[in-house]
Structure formats: C-alpha cells, structure tokens
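Chemist: The chain contents come next:
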Amino acid sequence: MLNLLQKIRAIVNKTQVFKSIFRHGYPDTDGNRALVMFSNVILHLHPVRVRRGALKIKFTWCLGGLTFLFFILLAITGVVLMFYYVPDTRRAYNDIRDLGTVIYFGSLFRAVHRWSAHAMVFSVWMHMTRVFMTGSYKPPREFNWVVGVILLVTTLVLSWTGYLLPWDQLALWAVTVGSKMAEATPFIGAAGPFGPELGFTAENDMAFALLGGTVVGQSALLRFYVLHCLALPLLMALFIAVHFWRIRKDGFSGPL
Amino acid sequence: MSDKVSDLAQDSSKSGRLASLIKKTAAEKVEPEDTVLVWPNLVYLELICSMVAVAIMLFLSLVSPAPLEELASADTTPNPTKAPWYFLGLQELLVYFDPWLAGMVLPTMIIVGLVLIPYVDPNPRGKGYYTFSERKFSMLGFGFGLALWWVLIVVGVFFRGLDWSWYWPWDDWHYHQPAGAVKLVDLEIILQNLLGLSESPLVTLGRYAITTANLITWVLFLAFYAVGFTVPFLFFRDFYRRLGFVRYNLVMVMFISMMGVPMKIFVRLLADVKYVLVTPWFKI
Ligand code: HEM
Numbered sequence: 001m002l003n004l005l006q007k008i009r010a011i012v013n014k015t016q017v018f019k020s021i022f023r024h025g026y027p028d029t030d031g032n033r034a035l036v037m038f039s040n041v042i043l044h045l046h047p048v049r050v051r052r053g054a055l056k057i058k059f060t061w062c063l064g065g066l067t068f069l070f071f072i073l074l075a076i077t078g079v080v081l082m083f084y085y086v087p088d089t090r091r092a093y094n095d096i097r098d099l100g101t102v103i104y105f106g107s108l109f110r111a112v113h114r115w116s117a118h119a120m121v122f123s124v125w126m127h128m129t130r131v132f133m134t135g136s137y138k139p140p141r142e143f144n145w146v147v148g149v150i151l152l153v154t155t156l157v158l159s160w161t162g163y164l165l166p167w168d169q170l171a172l173w174a175v176t177v178g179s180k181m182a183e184a185t186p187f188i189g190a191a192g193p194f195g196p197e198l199g200f201t202a203e204n205d206m207a208f209a210l211l212g213g214t215v216v217g218q219s220a221l222l223r224f225y226v227l228h229c230l231a232l233p234l235l236m237a238l239f240i241a242v243h244f245w246r247i248r249k250d251g252f253s254g255p256l
Numbered sequence: 257m258s259d260k261v262s263d264l265a266q267d268s269s270k271s272g273r274l275a276s277l278i279k280k281t282a283a284e285k286v287e288p289e290d291t292v293l294v295w296p297n298l299v300y301l302e303l304i305c306s307m308v309a310v311a312i313m314l315f316l317s318l319v320s321p322a323p324l325e326e327l328a329s330a331d332t333t334p335n336p337t338k339a340p341w342y343f344l345g346l347q348e349l350l351v352y353f354d355p356w357l358a359g360m361v362l363p364t365m366i367i368v369g370l371v372l373i374p375y376v377d378p379n380p381r382g383k384g385y386y387t388f389s390e391r392k393f394s395m396l397g398f399g400f401g402l403a404l405w406w407v408l409i410v411v412g413v414f415f416r417g418l419d420w421s422w423y424w425p426w427d428d429w430h431y432h433q434p435a436g437a438v439k440l441v442d443l444e445i446i447l448q449n450l451l452g453l454s455e456s457p458l459v460t461l462g463r464y465a466i467t468t469a470n471l472i473t474w475v476l477f478l479a480f481y482a483v484g485f486t487v488p489f490l491f492f493r494d495f496y497r498r499l500g501f502v503r504y505n506l507v508m509v510m511f512i513s514m515m516g517v518p519m520k521i522f523v524r525l526l527a528d529v530k531y532v533l534v535t536p537w538f539k540i
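Chains as they are written, first to last, in our numbering: chain P, 1 to 256; chain R, 257 to 540.
Take these hints with a grain of salt, some might be off.
As a list, the in silico DSBU-like pairs of lysine-lysine whose alpha-carbon atoms are at most 30 Å apart [as the list claims (entries may be wrong)]: (1) K180(P) to K338(R); (2) K383(R) to K539(R); (3) K180(P) to K439(R); (4) K539(R) to K58(P); (5) K392(R) to K539(R); (6) K180(P) to K58(P); (7) K539(R) to K249(P); (8) K392(R) to K180(P); (9) K392(R) to K56(P); (10) K180(P) to K383(R); (11) K530(R) to K338(R); (12) K530(R) to K439(R); (13) K530(R) to K392(R); (14) K180(P) to K56(P); (15) K520(R) to K338(R); (16) K338(R) to K56(P); (17) K520(R) to K439(R); (18) K520(R) to K539(R); (19) K530(R) to K58(P); (20) K530(R) to K180(P).
Note that these hints are calculated values from the structure, not bench results.
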C-alpha cells in the first residue's frame, strides 16, 4: 500500500503539471525542505532554519501567529458575510437576521466572525504583553514594536467599526458612546476643551467627520462599512506585511 | 542557506551584515546543531496550533452564536449602554474623568507611551528571555499599567449595571441601585470651605475668575508633577544618569500621568472629589 503511494507520487512528481507548480520534490529530504521554503510564497514568510529555542511554545505562546490566524479567519468569514449584507439602515438589521434564519450556515459564519474578532483583540494584547515581557522590543526591533502598536490600534478600530454594522441597539449605542468621545476631542471637538473657541460646532468637528453627520445614521453606517470591509483590512494587511518582513530581517529574539 | 539563520541578521550595521553574509558558509559549518529546519519543525507546530484554534472557534460559535438585539432606535436608550468589552476600561474611566480625558487624551497617551517604550528603555539586559530581576522598573511600570487596564475592564464588564451603578454579581439587575447620598464636590470648593477662603476672584482673565482656592488647586496639580520629576532626579541619580535628560523627561511625563489616573480614582472614591482642577475650558 505504502509502496503503491510512493510509486504514484514518483509518477506525479515527474509530470509537467506538478513541476510547473512545485519546483522541487515532496519535502522529505533536507534539500527539498529548504527548497520548499524558498519557492512557496506563503512559507517564504519563514526562514529555512530557526534556532531550536524559537520552537519553544512557552516563549511566544504562539500568540503572534494566532493573531494572524484570527485575521485570516475574519477575512474569510467576512467575505461570506458581505455577500448578504447591504449597509442601508432600512435593511441592514434584516440582512443580519436573515443570516441567522434563512441562509445556510449564515449563523455559523456570523458566529465565527464574531468570536474571531474577540479572540483577535485578546490575542493581540497578549502578544504585545509577551513581546514586552521577553524584552523583544529592544534594539534592533524598536521599529517593529511601533509597527505592532499600529496593528494593535488598527485591530481595535476594526472591531469597533464592525460593531455598528448589525444596526441593532447594541451597535447603535456602543457607537454613540464612542462618538460622544470624538465630540470631546480637545481643539477639534465641539464639546472638547478649546473646541468651541476655535470655531468647531456639531457640524464641522471631529465627530462630524467620523459619522458624516451629527447623529449615528445612514452616512455613519456607510462610513463604518467602507472602513471595516475595505480601508482598515487593507491597512492591516500592509502593516502585517511590514511586521513579518521586519521579523525576517531582524531575526527572532528567542533564546539560543 | 544559513544566511537565513536569524542570528546573523541581527547585526544592524550594513557592513557587518554583508560580512556575515560572505562568511555564511563558515557559519553553517560552525553550529548547525543549534538550528532546526523550519519544515517540518515549525510548519507542523503552526499547523497544529491553527487547527486547535479553529476548532475552539467553531466550538464556541456552535455553543454561543452571535447576539442580535432589537432594531436600532434613537428613541429608546438601553440601560446600561456598554461598549464592547475591550473598550470598557475607557468607558469605566468616564466615571472619573470627562470624555475629553477618558476618551481622547488618555488613550492617546497610552498609544504614545507604548510607541515610546523601545526608545526610552536603554537597558540592554533582558532581551529575548523572560526576566524580572534584570529589569525591575520597566516590568513594574508596564505591569502596573496593564493591571490597571484589565482591572478597569473587569469592573466595567462584571460590576456595572443599571445607570452604570456598582452591582455585585448577586445583585438583581432588575432594580436600580438606590441613588447614592454622596454629593461630589470640586476640590477647590472643599479647600475654600476648609480653609475659610474668600469666594471672590483674585484676578479675572476673560471668562476665568481665579480664586485663591483655584490657585491652590493649580499649585497642587503642578506640584504633583514637580515632585514626581524631582524625587527620582535627586535620590535615584543612577536611574537618571542611565536614561539621560530627554528619555528621563519622556518616561516621567508618562509614568506620573499614569500614576495620576488611580490617584484621581482614589480621591474620588475616598473624598467624593469631582474635579481636582477647574477652568472654564477644561476640568480634570
Ligand atoms: C495584527 C497584529 C499582529 C500580528 C498578526 C503579529 C504577528 C507576529 C508574529 C507572527 C510574530 C512572530 C513571533 C510570535 O508569534 O510571537 C511577531 C513578533 C513580534 N511582534 Fe507582532 N503581531 C501583531 C501585533 C503586534 C503588537 C501589538 C506588537 C507590540 C506592540 C508587536 C510586536 C512584535 C515584535 C517586537 C515581534 C518580534 C518578537 C521577537 O523577535 O521575539 N506585534 N508578531
């Protein structure tokens, strides 16, 4: 049986189609195991070899990787949800309700999206805590820590913008609390210190820019939708790429 | 191949890196047993981690689907209105600080403070391993901020009910807590009554009528920072010398402000002080 499989593999490995996709044999020899890291775009995020210490789970607790995994899960389930959701205050709520009632697996996709969002926020915090506790931000990795802070903030803003989309009471009022804070921004908020003195009113201040109006309404929903489904994920992907690139360049701080 | 061994890239000077690239074959021969191939060692580890995580997500999703409440309506305000849990620390701060501080200035300071960390920590030890004894101050400082953040979140999630009042887990959320008899008073009023100071302003700058009591609150507020700045400067010379002038000031602004947050919370809880400093434009 094993013999047969090996024979099939040997034949498959020699076909033109296989060779056009993979530039090497199955990674069961050291040579091929190195080649697979070079020639696969996703695996290429890794080096070919790592120090033994870097494998210790109790060093990273897998937290950076888990954060990335949750981001991927969110992207996949998010795309599915987008097929059914229209950011229109008159139908958004019903679209979400339909996901739970009439759409096959709609409830599951929505639940995974929600849970992954919670998990991502949690794991990105714990990842930052780990990086601090191991002192991994010290030279030469200072800038990657800064990139990390950008990722942390982007994660939080992504979650927050997504919170409005179901257009239920939870959504509306959670975002209202947030927009009250934007209103109170010093200098550029209508209710903030020196805001009125500088000519800011409810119709031109920070909260107005965020909501596209004075209340959480249709323009706010559209803004949050575009930010949540397009702008912020792109930003996130960009900075994750920088983050990973820097880890490859600076090496991993793990124990020898 | 072993130019991918992460160690070598750590040399950040360009010529150093080039030199190590050139020497790569030598390096490979010296210590191959310190490193392992990523495939299969790391790739499989990641695969297993991912599968466990996805399984947990699926399990949670099946057990507890995403909530959907009533249709949004501007007419009925839920009580309490809670932001998602990770923002409840900030929302909890709203009890003690005005929105411009709790929602804008403090979060900005947290972000700026986080960004500064690698640039103000000159301690070369404790890089790449867990240690407390080799970096006590940074561990305690960061740990304090982190603990504060999580405590506030836990309070916001589990102990705040109707009207954002304090509810123990065994209290019934259907009933409003009796409105507290405490009346919050500004620090300057307390001082005024305590010291028998005059209410008439010393100076009036536009809208700002500065009384003696108000002036004292300014002095106290600035003294909080001044003392915080000078004490380590005078008594922990080593600490100051290691940081240097610029780093020292950045660290102290952040650190003292961070300590100010629980201080204000205590002043509020113990002495019913609403604001410690009042001006026509902002109140702290
Ligand atoms: C979307 C968010 C993020 C993702 C996907 C991510 C991903 C990763 C991954 C996969 C690693 C490899 C080691 C590990 O798994 O722990 C890593 C390392 C690192 N991360 Fe993140 N990260 C994120 C956010 C952050 C944040 C918020 C910080 C800090 C403020 C940060 C700072 C760092 C640093 C300095 C390293 C190098 C650690 C070392 O060499 O030991 N990252 N990140």
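Chemist: Next, verify each hint and record whether it holds.
Modeler: Hints, verified against the model:
1. This hinted pair checks out: K180(P) and K338(R) have alpha carbons roughly 13 Å apart, not beyond 30 Å.
2. Note on K383(R) and K539(R): the hinted pairing is violated, with a Cα-Cα distance of about 42 Å set against a maximum of 30 Å.
3. About 25 Å separates the Cα atoms of K180(P) and K439(R), which keeps this hinted pair within 30 Å; it holds.
4. Taking the CA atoms of K539(R) and K58(P), the gap is about 46 Å. The hint is violated against a cut of 30 Å.
5. Restraint check: the Cα-Cα separation between K392(R) and K539(R) comes to about 35 Å, which exceeds 30 Å; the hinted pair is violated.
6. Taking the CA atoms of K180(P) and K58(P), the gap is about 42 Å. The hint is violated against a cut of 30 Å.
7. Simply put, K539(R) and K249(P) have alpha-carbon atoms about 47 Å apart, too far for the 30 Å limit, and the pair is violated.
8. Between K392(R) and K180(P) the CA atoms are separated by roughly 39 Å; this puts the pair beyond 30 Å, and the hint is violated.
9. Restraint check: the Cα-Cα separation between K392(R) and K56(P) comes to about 24 Å, which is no more than 30 Å; the hinted pair holds.
10. Between the alpha carbons of K180(P) and K383(R) the distance comes to roughly 42 Å, so the proposed pair goes past 30 Å and is violated.
11. Taking the CA atoms of K530(R) and K338(R), the gap is near 23 Å; set against the 30 Å cutoff, the hint holds.
12. Taking the CA atoms of K530(R) and K439(R), the gap is near 9 Å; set against the 30 Å cutoff, the hint holds.
13. Distance hint between K530(R) and K392(R) is unfulfilled; the C-alpha atoms sit about 35 Å from each other, more than 30 Å.
14. Straight-line distance between C-alpha atoms of K180(P) and K56(P) comes to about 45 Å, which puts the hinted pair past the 30 Å bound.
15. A threshold of 30 Å between alpha carbons decides the hint, and for K520(R) with K338(R) the separation of about 23 Å falls inside it, so the pair holds.
16. Of the pairs offered as hints, the one joining K338(R) and K56(P) is violated, with about 39 Å between alpha carbons and a cut-off of 30 Å exceeded.
17. Pair hint K520(R) plus K439(R) holds up; C-alpha atoms about 16 Å apart against a cutoff of 30 Å.
18. Taking the CA atoms of K520(R) and K539(R), the gap is about 12 Å. The hint holds against a cut of 30 Å.
19. Note on K530(R) and K58(P): the hinted pairing is violated, with a Cα-Cα distance of about 45 Å set against a maximum of 30 Å.
20. Restraint check for K530(R) and K180(P): the C-alpha separation of about 20 Å stays at or below 30 Å, so the hint holds.
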